[in-house]
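> Protein chains in written order, with our numbering: chain U, 1 to 263; chain A, 1 to 317; chain R, 1 to 261.
Simulated from the structure, these hints should not be mistaken for laboratory data. Errors might be hidden in some of the hints.
[Claimed, not checked] Sample of chain R residues at the chain U side, in silico, Cβ under 8 Å:
| no. | residue |
| --- | --- |
| 1 | Leu30 |
| 2 | Met37 |
| 3 | Arg51 |
| 4 | Thr145 |
| 5 | Tyr180 |
[As the list claims (entries may be wrong)] Computed footprint of chain A on chain U; a stretch qualifies when at least three of its residues, placed anywhere within it, have a C-beta under 8 Å from a C-beta of chain A:
| no. | region |
| --- | --- |
| 6 | 96–109 |
| 7 | 250–260 |
Note that the structure is predicted; figures quoted are calculated from it, not measured. Glycine included, each C-beta is placed from N, C-alpha and C at the ideal position.
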Amino acid sequence: MRPVFRIVRESLILGFAEMSAVYTWRTWTFGWLVRLLCQAAFYALLGRYVGDETTMRYVLVGNIVVLACLESTIVVISLAGERAMGTLPLLAITPSGHLPVYLGRGLQWTVTGLASSLTAWLVLPPLLGVPLPWPRAAYAIPVIVLILASSYGYGCALAGVALRLRGVEWLVLNFAYGVVMTFGGVNVPVDTWPGPLRVAVEVLPVVHGLQAIRGVLDGASTGHVMGLICAEALVGAGWYAVAALSTERLVSVGRRDGGLDHA
Amino acid sequence: MEAAVHTCRLRRVYAYRRRDTVVALDDLSLTVDRNEIHGLLGPNGAGKTTLIKILSTVLLPSGGTARVLGHDVVAETRDVRSLVGLVLGGDRGLYDRLTARRNLLFWGALYKLDARTTRARAGALLERVGLGERADDPVEGYSRGMRQRLHLARGLLHEPRVLFLDEPTSGLDPAAAAAFRRLVLDLRAEGRTFLLATHDMDEATALCDRVTLIDRGRMLLSGEPARAGRFLGDRECVDYTDPDPALADAAAALPGVVDVERRDGAPGAWRVHTADRDGTRRVLAWLLDRDVLTARRGEPTLEEVYLRAVGDRGMTV
Amino acid sequence: MSGPHAALRVVWRAVLLQIALSRRRPEHALILLIAPMQTTTMLALALTEDREDVVANAVLAPGLIGLWVAALDYAGRVVTEDRWAGRFSPMIATPVPLGLVVAGRVATVVLVGAAAFAESWLAAALAFGRVLTVADPVPFALAITATCLATVGTATLISAVFVMSRAHEVLQNSLGYPFYILGGILVPVAALPGWLHPFSRVVFLSWSAELLRDTVRGDASDWPRSVAAVLGLGAAAMAAGLWLTRRYVDRARREGTVGHA
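Produce the entire structure from the sequences given, and follow the hints as far as they go.
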């Protein structure tokens, strides 16, 4: 367990070092965080415009929770950078193998994702005049952490696609969280969609966790909420399995066709 | 005792768009002894990097076998990986945002070294490659030479017994390249083996115990760099310097002389090719009689051998 | 080289260059990927609440977002990328004003952004069966044209600001949603808090969004004033952008920072 812990630690240091090339504390807070808050507020305002306060709160809760997914999936960009830097062959031949790094390279985004979704959770509802029922709203926080984790696995799995096709990482990233934002029950309930789409949406991260959070806020039974939380964890585990298989294949195919170190 | 590296009819074919294939290694058989510095020479696209990738388990061969210290690179990948270090040339392969020390700590974790060992080795290696004072600066501000030294430190972190270096001194200024070579010699003195792909003939001559010249995936020759000429069945020759072309014409008419050519580089430098040792002796005596005191028996340089073997291909690949 | 004809030729060359560059970059399709998803989100929300009257907002908003993203994401990067790739020095050495080259390339990417309108319309028609018809086609076409021109002007300004700023990646990320709110592209400015209104009026999007919605519904009686406002704000941004670019180039020449990334 010790080596894994150290790899995670070193990956986090590397991740934050790369982030600090783009952001300082001030630019992160007033640039990135404000942008995320504005994004959630934008849809919340739409909710109020087309509906009432209840609609607004529904939309706002969804858009705050989905921020966790948005940030976690940025791991796609961090991993694609690994190809550009030419480190893939060097990673592949270490005794730990490539997997810990593949799963560790975007961890900084889960940390910032937690910070920004929690800030939004605390700040936005009172600011927009739809306060949450505290202290019940505090029970949502561990579920947000779970959603961060499952979304991160989802991002890692899709990073495999970005690493194969090269130069499409921004498309993959936007598609990844765009699908969740559009169909994942963020703005309108999942059962708005026609049958097949409703079934497909079940495998997306956020979907069950967000339902659990809505359940917590509305005072649903513990059993119902726990069931949804388990479903979210299961979906997350599934995405981690896909990520592991896909990176395993990426490296074995790369060793066969010699494409591992192409930029 | 097993050789450090042994390949037998090693073959690698790359496929492009299903139809086109390129043979990068064509039945290459090569042996590198333990504790040897072995140079790998050849033009761009000769197969040097492909060979190094196969030996360091980054790439699978299409045919033949390759062993490192007795372990097969395909069947015993895990064993091979713990024995070899890969040092890439160029600007890629480092984390620019991290300091040199942090880069090494990162790789130390991946090589499953414990924290204390990693810290100690990282510090010692950085001092050794001359980066001690800049160890805590981000790599993005490093010069080419500093990056190259950090690449080497990274490759040495897990104390591999065999090191594969892919053009480690390309783009370095002469002083930096010389320092790099001294470092390689020191490391060899510790019992390590080096396989070194290079374009630099002077480097190969100065550093390598043996060189192998490959082109289009095939071995052209292999041996000590100073004697490389013999392997081509090169003839004897005499070099001298004299401004008078008439002397060269006269020399050409001597018995036992095959040819006289003007040498590139120094003005008035000539090379007289002779048929055998008697011819050489005769030409030397003849030149000394004419007060040409610069005359001496010539030995073709590695570069001349290289150009002869590969052919002067200019800029074509 | 002088005269308007020569200037137009420079702009045209820049357009061709940008087309060639964009074709090799898959991420330039980003807007076209996002627009249908945004239409879906917005329309689904409007229709769940039975607000047929908001369909026009939901179809037009992704188009406006597309234009804005084009201005930020691509156009804002044009000069920055050139500087990064070491193309800045040779470009400064040419006798052509840099601003014209930038404007020409910006115009091309803005046209790609405008395709988001078409996509959004299609998404509404195919996925939701809502075929948006335009009641006042002529003012609508004028409004779209004016909006595209204003986007080119604004993009020129943004690219100048990005070049001069060290934190342009941060700016690029942050200048989206705040402007979608201020620009009233989905929720009309009137529905925003009153203290935001003065800020909204200097963002050309607020005039464009209202005008486009009005022309679709057929109650755009005051359209010449709005078109003039959009064009005026766009021209002002363009002028400021060209001025800033020129100042930057002059300073770079003087201080020898031309090639710095």
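> Does the structure break any of the earlier hints, and which numbers would those be?
4
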